[in-house]
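In case you want the letters, here they are:
Protein chains: 2
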Amino acid sequence: VVVPANGHISIAQRCAPFLNEKQIVVLNPGRTCGALEFLNILRKEGNKKDVTIAEAQTFIYASRGMGPAAARIFRIKQAIPVAAIPSRKTEMVVKKLNVAFPEFIPAASVIETSFNNMGAVFHPSITILNLSRIESTMGNFQFYIEGVTQSVAKILEAVDKERVMVARKLKCANVYSAIEWLSMAYNVVEDNLFDAIHSNPGYVGIMAPRTINVRYITEDVPMSLVPISEFGKIFGLKTRVIDSLIDIANSIFKKDFRESGRNLSRLGLEGLDLSQIRNILIKGKK
Amino acid sequence: VVVPANGHISIAQRCAPFLNEKQIVVLNPGRTCGALEFLNILRKEGNKKDVTIAEAQTFIYASRGMGPAAARIFRIKQAIPVAAIPSRKTEMVVKKLNVAFPEFIPAASVIETSFNNMGAVFHPSITILNLSRIESTMGNFQFYIEGVTQSVAKILEAVDKERVMVARKLKCANVYSAIEWLSMAYNVVEDNLFDAIHSNPGYVGIMAPRTINVRYITEDVPMSLVPISEFGKIFGLKTRVIDSLIDIANSIFKKDFRESGRNLSRLGLEGLDLSQIRNILIKGKK
Numbered sequence: 060v061v062v063p064a065n066g067h068i069s070i071a072q073r074c075a076p077f078l079n080e081k082q083i084v085v086l087n088p089g090r091t092c093g094a095l096e097f098l099n100i101l102r103k104e105g106n107k108k109d110v111t112i113a114e115a116q117t118f119i120y121a122s123r124g125m126g127p128a129a130a131r132i133f134r135i136k137q138a139i140p141v142a143a144i145p146s147r148k149t150e151m152v153v154k155k156l157n158v159a160f161p162e163f164i165p166a167a168s169v170i171e172t173s174f175n176n177m178g179a180v181f182h183p184s185i186t187i188l189n190l191s192r193i194e195s196t197m198g199n200f201q202f203y204i205e206g207v208t209q210s211v212a213k214i215l216e217a218v219d220k221e222r223v224m225v226a227r228k229l230k231c232a233n234v235y236s237a238i239e240w241l242s243m244a245y246n247v248v249e250d251n252l253f254d255a256i257h258s259n260p261g262y263v264g265i266m267a268p269r270t271i272n273v274r275y276i277t278e279d280v281p282m283s284l285v286p287i288s289e290f291g292k293i294f295g296l297k298t299r300v301i302d303s304l305i306d307i308a309n310s311i312f313k314k315d316f317r318e319s320g321r322n323l324s325r326l327g328l329e330g331l332d333l334s335q336i337r338n339i340l341i342k343g344k345k
Numbered sequence: 060v061v062v063p064a065n066g067h068i069s070i071a072q073r074c075a076p077f078l079n080e081k082q083i084v085v086l087n088p089g090r091t092c093g094a095l096e097f098l099n100i101l102r103k104e105g106n107k108k109d110v111t112i113a114e115a116q117t118f119i120y121a122s123r124g125m126g127p128a129a130a131r132i133f134r135i136k137q138a139i140p141v142a143a144i145p146s147r148k149t150e151m152v153v154k155k156l157n158v159a160f161p162e163f164i165p166a167a168s169v170i171e172t173s174f175n176n177m178g179a180v181f182h183p184s185i186t187i188l189n190l191s192r193i194e195s196t197m198g199n200f201q202f203y204i205e206g207v208t209q210s211v212a213k214i215l216e217a218v219d220k221e222r223v224m225v226a227r228k229l230k231c232a233n234v235y236s237a238i239e240w241l242s243m244a245y246n247v248v249e250d251n252l253f254d255a256i257h258s259n260p261g262y263v264g265i266m267a268p269r270t271i272n273v274r275y276i277t278e279d280v281p282m283s284l285v286p287i288s289e290f291g292k293i294f295g296l297k298t299r300v301i302d303s304l305i306d307i308a309n310s311i312f313k314k315d316f317r318e319s320g321r322n323l324s325r326l327g328l329e330g331l332d333l334s335q336i337r338n339i340l341i342k343g344k345k
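Residue numbers (the working numbering), protein chains in the order written: chain A, 60 to 345; chain B, 60 to 345.
Next comes chain A alone, as it looks inside the complex:
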């Protein structure tokens, strides 16, 4: 399933009557808690079969839509972690995927794929803090290289810290800071995010979106920031900067992304404690 994460619900609803035990659904990518949400929708729609749902940590291609029914692949990413719910099925899923796509590798669980979702850190912050610039230039500047100034980088670091804090509390097996991730994914070794982003040749030439009505907000706020904030809430962790970005996005779009996004109720996690939540994410049941 290759759609922005805010499309997962409708895909799940449409597939629910037809999916059976032998089938595997891979969300490529799932953003944060995509596999769990997909599974919840199947159950709500009355499908109680043991369908295998998996999610990739990021999309396998660095690519852009170039027009109706046309996309351009700039690069195939290496080593994309994938995990299934329950995680004992991950190896089987990856083996099947590897027949066509050798780039997929197994992750410890969907906690890892969901919380190492770097779009959550980069996309909404950079977009919101470049609001007027995107609108007045129609995105005519380099999103990462020009859009991330010293202060924007400070906000990215704050969002990243909140994400890592929540992931740690969930006992995420491998949680990478954005700086660590940049060094793994792009071989950039710097001691702060501003320098790391600015010395990454992979970011050169990536332009800003032409409008702020873009998946960097409409996908990454409800499907990435909202679940991180919601998990923070369960554990009594304050995610002030993430919450601020959600509130500002709500205000711009006159929507409630907390309501439409992956909140605790949609994820079926209300009232549960840490070990119950980990069991659901890792084993598929409380």
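Everything labelled a hint here was simulated from the structure, so no lab data went into it. The structure presented is a predicted model; accordingly, all values stated were derived computationally and were not measured. Take the hints with a grain of salt, since some may be wrong.
Below are the PhoX-like pairs computed for lysine-lysine, each with C-alpha atoms no more than 25 Å apart in a straight line [claimed, not checked]: (1) B/Lys313 / A/Lys213; (2) B/Lys314 / A/Lys213; (3) B/Lys314 / A/Lys292; (4) B/Lys81 / B/Lys155.
Since chain A is already given, all that's left is putting chain B on it; use the hints.
What follows is chain B alone, placed relative to chain A:
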């Protein structure tokens, strides 16, 4: 007293030993709750005399510092509301001011001068939502005309709504929305803030600050947004967008503007109810 509002505390501390019954201090301007904070500092420093403290709603000049010990006045504003604590002294203060400055007019109370502080609405929002642009162009764009795009205007409207909501709850005698204020101050009549700002010739040519370390944040976050948010808290009103801007500013400056700003404790309002608060602001005592 003509200093950014974050300088009021230190001025009050230095003046405290010397001020007496016959003297009048006018904060020009006070931002939100300047007179109340000044009075609290005098009391804390042991000055129990009946000094008259007043605040102007905005600075009397449209002006900019042009260098060390040099300022340029572009325009003298007309009809600047002023109020004293207690408000029965306002008329006396305005009469004295009018000898030199006929532009000052009496306001109902400091509730009016504090909550019609439009800097709170315009300054931090536009600055934060133009963060990368200010830093990468060193402020080389028109702050209002280019910096306020459609989405930025939506955030301004949200902040303004929250300010008006808190002021109404405080039973502010005359509370103006930003749109009403623009029509009074600049004769601009439009039905939305975007159009009102863009059709205001008074905003043409006003450039953005050259850095984000500027009073639009360092003064207006702690001395305008923080007190509005704090009053909201007393009344159980949610000021989500204002709070978001405070949190983002905190994160950029690695400070706690709620702590250093005009919070309930600094204003001496902790644990009080609406009528006690109104009495303090209007009569100078509970």
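Cross-check of the supplied hints:
no.: 1; hint: B/Lys313 / A/Lys213; in the structure: holds, 9 Å
no.: 2; hint: B/Lys314 / A/Lys213; in the structure: holds, 12 Å
no.: 3; hint: B/Lys314 / A/Lys292; in the structure: holds, 23 Å
no.: 4; hint: B/Lys81 / B/Lys155; in the structure: holds, 12 Å
No hint from the list above goes unmet by this structure.
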